[in-house]
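Top line first, the protein sequences correspond to chains G and A. In this text, residue positions in the first sequence follow the UniProt record's numbering: the first is 1, and each later residue adds one. In this text, residue positions in the second sequence follow the UniProt record's numbering: the first is 1, and each later residue adds one.
Fair warning: there could be bad hints in the mix.
[Unchecked claim] Selected chain A positions facing chain G (in silico; Cβ < 8 Å):
hint, residue
1, Asn251
2, Tyr252
3, Asp254
4, Val255
5, Ala256
6, Arg257
7, Thr258
8, Met259
9, Gly260
10, Ala261
11, Phe265
12, Pro273
13, Trp350
Honestly, the hints are just simulated from the structure, not real lab data. Predicted model only: the values in this text are computed from it and were never measured. Glycine included, every Cβ here is placed at the ideal spot set by N, Cα and C.
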Amino acid sequence: MVSAVIERKREHEAPAADKAGVVGSHIDIRGVSHRFDLKEGPLPVLDDVSLDVKPGEFVALLGPSGCGKSTLLRLVAGLEPPSDGSIRQDGRSITRPDPSRIVVFQDPTLFPWRTVWDNVALGLQARGVLSRERSRVDEALSLVGLSEFAKTHPHQLSGGMAQRVALARAIVNEPSLLVLDEPLGKLDSLTRLAMQSELVSMWQRTGFTVLLVTHDVEEALFLAQRVVVFSERPAKIKADFEVDLPYPRHRGSPRLAELRHHALGLLGLDATW
Amino acid sequence: MSSATLTSTGVVPPGAEAAAPAAVAAPAEETRRARTSAGNPGVWWSGAIAALIWIAVGAVTRFIPNASIGFTEWNLTAEFGTGTALVGGLLLALAVIGPRLGAVAPVRGSGPWLIALAALTAVWQLLTAKYAVLPAPFFAPPQALVEVYLDDYARLADSFWNSLKLLAHGFFLGAAIGFLTGVGMGWSRVVGYWVHPLVRFIGPIPPTALLPLAFFFSPSSYAAAVFLIALATGFPVAVLTWSGVASVNRNYYDVARTMGASEWFLVLRVAIPAALPQVFVGLFMGLGGAFSVLVVAEMMGVKSGLGWYLTWAQGWASYTNMYAALIIMALLCSGLITLLFGVRDRVLSWQKGTLKW
Ligand SMILES: Nc1ncnc2c1ncn2[C@@H]1O[C@H](COP(=O)(O)OP(=O)(O)OP(=O)(O)O)[C@@H](O)[C@H]1O
Ligand SMILES: [Mg+2]
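Can you make the complete structure from the sequences, with help from the hints?
The structure is reproduced here in structure tokens:
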């Protein structure tokens, strides 16, 4: 099904405009600290985080719950300015949200009053290009396998389907940076495995940069080229290591098991392993 | 108001008001039909029983003499009796033959209501015309209402249309202004700062208390009436729209903003659709408010309208006319609320489990 979509794309567009040519963003996070000013006083959430993500790189962020991962993603998306430090995209400072950096939030947050199709079309409509690019919505929907559900409303979807719609709503914008906040967290384990492979092939085809937050160590190791482990709040970078395995990866590979042991150790969970 | 609804059930043709309970009664009716279908295929039993009671109502009306007190004489008594008996006869025919022709399905569920209405009419007839337990001129038998409708048809129809027009003017004006105010308050800090205290201060005042002001400042008495109705509608619409817009899930905005949405897009395509369920609650409350000030708004200056008719009838102590107008008013209100429910069900079809009217 996916290859069929690509075939169709090739037919419609001149070779020069091939969408596989999206260039991933270079993200440079330098000395970022962040705190929330609460009534009880300031709550430091990020502590001097520096991270350099190369164009087209797939980076996974691991860390204990509540340490500040989602906050870091919000800063990268430009939804909030950091209290200290700077975040740059291809050398330009990030000051506000931009459709070149699309976030898939922890919660699918589909708009309940829109059909699945209209939800996916959101970004194109917001930028006033929907009438020209309608076919892209259909492509994105078939990519996540939900073409038949184009006319349904979100309350009729399962949690996993809703999360897939959120993913389609993101990739239809052809971002150069895809920010994923536990996008597969709500999927059943089978759909989850299938979506992981789908994510990898999507990334390989398009070439965007990916920042992925996950709780699942195996998921991080299966998907990412590089894994960053955060400490407890306020989050500091505790470790940053490469996953030196070629794609497609095999879940049973001994090297993966080794890295998993390493990562769990960094998270303080090696005793259970 | 409550007396209006009570009386109205005695006269309303079953189709109109019995539509809602029909859905509730239908399942029981279904099972009963299934059980009896073996012995007696296709008699609509509750309809047949209702028909017999209606015929009995006709007989009671015709053959028990009216109580004669003073000069009161109820016209049309014989005609009303014949009419009800005829209706009962037609209903009986429908109940017996209808099922074979497949013509009963839409009304099948309303059988119990038809029975209740017949019984109520009988009681009403006995208490008023026959034994004068409820005395004239404060109470009137059903045939007197029929007489009013026949004699005063033109004036009542005229009043109906004028009230509808006035309500529509006031309601749409108030709803539009209330909606815009609510969106402004919910969205813009500046608008919220200046308008919120005003709404809090003026809103809770009953609109009818502003009657003299409205008449003094308005160019015509019609404009004053529109103003009062708009005020009664606008306040709940504004408050609920405001709270709807203010309580929109922040994440919706984040999603739209990261995808390049402008401020306008956020207002028109995110805030307003997300607030619509609340807006409709406001519209329902606004409609109720509009009804409640209609009579007062029509009390001064206006020369036609149901509220005006009520005041006029009371002034002449012709309570029969008053009841007749009240029934029409109840039908008007109920019809408009049904209409608003219909609009809401269409607009909010994406919501699950919405209440049906
Ligand atoms: N808008 C906010 N105002 C105040 N405090 C906040 C806000 N957002 C997050 N926090 C706090 O910041 C801390 C980090 O939150 P964050 O959502 O970044 O955690 P997380 O690492 O994504 O956790 P999880 O893995 O459970 O999603 C939490 O303690 C949270 O309470
Ligand atoms: Mg999080």
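Notebook entry, point to check: Can we keep the Pro273/A interface hint, with Cβ of chain G closer than 8 Å?
Noted result: Holds: closest Cβ of chain G sits about 5 Å from Pro273/A, inside 8 Å.
Check: Is the shortest C-beta separation between Gly260/A and chain G less than 8 Å?
Finding: Holds: closest Cβ of chain G sits about 4 Å from Gly260/A, inside 8 Å.
Notebook entry, point to check: Close enough to count: is the Cβ of Arg257/A nearer than 8 Å to one in chain G?
Noted result: It holds, given that the least Cβ distance between Arg257/A and chain G is near 5 Å, below 8 Å.
Item checked: Hint check: 8 Å Cβ-Cβ cutoff, Met259/A to chain G -> Met259/A check passes; min Cβ-Cβ to chain G is 4 Å, inside 8 Å.
Next item on the list: Identify whether the interface hint at Trp350/A stands, where standing means a beta carbon of chain G within less than 8 Å of its own.
Entry: 5 Å, holds
Next item on the list: Have a go at the Phe265/A hint: is there a Cβ in chain G nearer than 8 Å to its own Cβ?
Entry: Nearest chain G Cβ about 5 Å off; hint holds.
Item checked: Interface hint for Val255/A, Cβ within 8 Å of any Cβ on chain G -> This hint holds: Val255/A lies near chain G, its Cβ roughly 5 Å from the closest one there, short of 8 Å.
Margin query: Quick check on the hint: Ala261/A CB to chain G CB, less than 8 Å?
Written below: 4 Å, holds
Note to self: Quick check on the hint: Asn251/A CB to chain G CB, less than 8 Å?
What the structure shows: It holds, given that the least Cβ distance between Asn251/A and chain G is near 4 Å, below 8 Å.
Notebook entry, point to check: Can Tyr252/A be said to touch chain G, with a Cβ gap under 8 Å?
Noted result: This interface hint holds because 6 Å falls under the 8 Å limit.
Note to self: Tell me if the interface restraint on Asp254/A is satisfied: Cβ within less than 8 Å of some Cβ in chain G.
What the structure shows: Given a least distance of 6 Å, the restraint on Asp254/A holds.
Check: Holds or violated: is there a CB of chain G closer than 8 Å to the CB of Ala256/A?
Finding: At 6 Å from the nearest chain G Cβ, Ala256/A passes the 8 Å test, so the hint holds.
Checked against the numbered hints given earlier, this structure breaks none of them.
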